[in-house]
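Protein chains in written order, with numbering that gives the first Met the number 0: chain X, 0 to 238; chain C, 0 to 71; chain U, 0 to 168.
Any given hint could turn out to be false.
As the list claims (entries may be wrong) - Only pairs whose alpha carbons sit at most 25 Å apart, straight line, appear in this in silico PhoX-like list of lysine-lysine:
no.: 1; chain 1: U; residue 1: Lys105; chain 2: X; residue 2: Lys111
no.: 2; chain 1: U; residue 1: Lys89; chain 2: X; residue 2: Lys111
no.: 3; chain 1: U; residue 1: Lys81; chain 2: U; residue 2: Lys97
no.: 4; chain 1: C; residue 1: Lys47; chain 2: C; residue 2: Lys37
Please keep in mind that the hints were generated in silico from the structure rather than gathered at the bench.
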Amino acid sequence: MHKYANPNQFLRIANPLLPWFSGVTVLCIGAALYLGLFTSPPDYQQGDTVRIMYIHVPSAWMAMFVYGSMAIASATALIWRHPPGHMITKASAPIGACFTMICLLTGSLWGKPMWGTWWQWDARMTSVLILFFIYIGYIALVNAFDDSARGQRTASVLVLVGAVNLPIIKFSVEWWNTLHQPASVVRFDGPAIHPSMLWPLLIMSVGFTTFYLVVLILRLRGELAATKIRNLRLGQADA
Amino acid sequence: MADRITEFLAMGGHGAFIWPAYIVAAVVLTGLLIVSIKNARNQERILKQLRAARRGAPTGAQSGARNSDDAR
Amino acid sequence: MTHDSPPLRSRAATRKRRRLYAVLSGAVMLAIAAVLVLTAFEDSIVFFYSPTDLAEKQAGRDPVKPDQLLRVGGLVEEDSVKTAADGVTKLFTVTDLKNTLRVSFKGILPDLFREGQGIVSSGSLGPDGIFVATEVLAKHDETYMPPEVADALKRAGEWKGDEEKEKTQ
Chain X
0 MHKYANPNQF
10 LRIANPLLPW
20 FSGVTVLCIG
30 AALYLGLFTS
40 PPDYQQGDTV
50 RIMYIHVPSA
60 WMAMFVYGSM
70 AIASATALIW
80 RHPPGHMITK
90 ASAPIGACFT
100 MICLLTGSLW
110 GKPMWGTWWQ
120 WDARMTSVLI
130 LFFIYIGYIA
140 LVNAFDDSAR
150 GQRTASVLVL
160 VGAVNLPIIK
170 FSVEWWNTLH
180 QPASVVRFDG
190 PAIHPSMLWP
200 LLIMSVGFTT
210 FYLVVLILRL
220 RGELAATKIR
230 NLRLGQADA
Chain C
0 MADRITEFLA
10 MGGHGAFIWP
20 AYIVAAVVLT
30 GLLIVSIKNA
40 RNQERILKQL
50 RAARRGAPTG
60 AQSGARNSDD
70 AR
Chain U
0 MTHDSPPLRS
10 RAATRKRRRL
20 YAVLSGAVML
30 AIAAVLVLTA
40 FEDSIVFFYS
50 PTDLAEKQAG
60 RDPVKPDQLL
70 RVGGLVEEDS
80 VKTAADGVTK
90 LFTVTDLKNT
100 LRVSFKGILP
110 DLFREGQGIV
120 SSGSLGPDGI
130 FVATEVLAKH
140 DETYMPPEVA
150 DALKRAGEWK
160 GDEEKEKTQ
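Looking at chain X on its own, in the form it has when it is part of the complex (with noise of 0.2 Å):
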């Protein structure tokens, strides 16, 4: 009983939300497509290809912040030993996978025209492929052990092991020499983008912000419904 408490009162706080957050997220990503491709310039160097950025960079983002909550849950869940916050890493987890995938292939997409290249090891690049591997593994962990209480502790040391990666990914521009361009946006002296590009690009993260818990609620609800049915077939096989 105690176990399903909590669940259900997510839902009754979550399932009202949801309609709210897909409506920023339409807002959002409609306004910042519009912003991107229609009204904002080229830029003095790259010319049109800036417009990837668009995409790219909120992706990118996305994949550390979503990685970064994820590494909050489990640290939650394996300390408090809080149920919840291991389902919230696994339903987090593809979703994180989506946004790096997005942001490596956009990436080579923009690179191959600016710097001549589809790929490079440097040091940005690596460090954010193996985000994604990190977050193929604990997929691949947290599925292999079939939801047991063990299996997923195991899996959200993974996740924790593995957020030694984001200050590697986020500075690696700065402590090593690298193909990739030091942070335009997040910086000290301020952003280096000129406000018609930085606003398509910040109304793009928050459209990717709210898709993500769109998405999240949506798997926590299978999440859930597959736990309580897993629960009820127990339960029918000991009856």
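Since the structure of chain X is provided, determine the placement of chains C and U on it from the hints.
Below, chains C and U alone, put in the same frame as chain X:
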């Protein structure tokens, strides 16, 4: 008009890189959304059926419409 | 459900605290390990050497072998780009504003390649001290702005473009 559309699609000669980037993002995110919705619906449907079956009621009759979560 | 008696609850709290410490100390260990590994492998993580790095490397214990593949990056020096007698090979100088390196390259240069632009070239150091590049990649800085704004900045003499920015790195 057609010229302006072609010009827009050409993206200053880099359309071949810009549009695939947008398409990749659209396909991956839409795919993720659809899979997540389908899975949630599926699991919730199975759960409903299981509960109805356990209550001894026929699956079709929605006797379980009352929120049974708290009752469990 | 359970009515925790005080000793029980405090035992649970102790366990939680122990797990918290375990996670925290694990994180610290991991961070230290990561720093050590990254420092140890710094040489292979670095994507390219600047002309200064290369000069230091040449003066050090482990100089570059004649056919060793490596990458050198920096800014293309103003007025240094020339076409060789064969009409195909480009010759230019890469600088980090302390040291320079002469580079020759036979192939297609990226769109962004121009004087004052950051580049990374891979190849090997010839016996004559000229770096023979097999690939030249353009590197750009992190500022983004419309062309008009860039022009206005240049006109107003407030231009501190990529050249200045990368100098400081």
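Outcome of the hint check:
1. Between Lys105 (chain U) and Lys111 (chain X), the direct Cα distance comes to roughly 19 Å. Compliance with the 25 Å bound is thereby established for this hinted pair.
2. A C-alpha spacing of about 21 Å is found between Lys89 (chain U) and Lys111 (chain X), which places the hinted pair at or below 25 Å, so the restraint holds.
3. Proposed proximity of Lys81 (chain U) and Lys97 (chain U) is supported: the alpha carbons are some 21 Å apart, at most 25 Å.
4. Under the criterion of a C-alpha separation no larger than 25 Å, the hint pairing Lys47 (chain C) with Lys37 (chain C) is consistent with the structure, at around 15 Å.
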